[in-house]
Amino acid sequence: MDLQTLLISTLGALAVISAIGAWLTRDNFYSALYMSVAMIFVAGIYAVFNLQPAVVLITLVFVGAVGIVTIAVAATFRAKTARKINLFWTLPILVVLAIVAYAYSEARKIPISSTGLEFVGDYFLLIVFLISMMVLVMLSAIKILRRVGL
Amino acid sequence: MIVAIAVALLIVAYLMAISAKDLIRLLISLELMFSAVFLAILPLFSISATMAFAILLVAIFTSSAELLVLITAIVITDKMRKGVEVEKVSVGGDIF
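The listed protein sequences correspond, in order, to chains F and G. So the number in the numbering used here is just where the residue sits in the first sequence, counting from 1, plus 13. So the number in the numbering used here is just where the residue sits in the second sequence, counting from 1, plus 164.
Think of the hints as simulated: they come from the structure by calculation, not from any bench. Bear in mind the structure is a predicted one, so any value in this text is a computation, not a measurement. Backbone N, C-alpha and C define an ideal beta-carbon position, used for all residues, glycine too. Some hints here could point you the wrong way.
[Stated by the list, open to error] Here are the computed distance ranges between Cβ atoms for each label pair: (1) G:A218 with F:W102: 45 to 53 Å; (2) G:S183 with F:L20: 26 to 34 Å; (3) G:S183 with F:I112: 41 to 49 Å.
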């Protein structure tokens, strides 16, 4: 078994295990989290084949947008009590953030190149149409919600 | 092997949809079905990468649109029926 096959089988097994976790857990919030993890493993299988545009799209749109919105919806309908924030932790958090920000500002800057983004030109019209469709769906959703009285 | 993983994901998603007690769980199972679809598209890249990428693009945006529609439906159901349980949805299937 070569490395690629081993990687694909491992990522596939992890994706299926995460999906089973999403199915078996009783909490909707954890179910959405497991679902997002499964999606990341699916994107990982694409990464094994070096399909970078597909990995970027799946990770940003499918995991980043769809997954996070699903987690937010699941958390909204799950939440029973609001969690109190302990102000005692504010100072340590600020100190850690300042250290991280300083380390990041001192880090070596890598120049940004457009290599690997050629697909944007080929699919520009399709992306514009699909974004227009999303805007239309969102406007329809807002109209329906207003009609219901939310 | 990729198709086998996709089928396994799809079966888990179907089981999740069948055993769902609320609409949120149903939404999560549908997203899992879409991830199985993405895996099923992967072998198509070896035949025609351009066409496969276009199909992947359409599938991703379709899943996003489906999410928006379902979230709207869930919010409206919660508002009108005071809950998101599957039992409270009496339209779109056999109820007797």
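- Task: Against the earlier hints, flag every one the structure doesn't satisfy and list their numbers going up.
- Result: none
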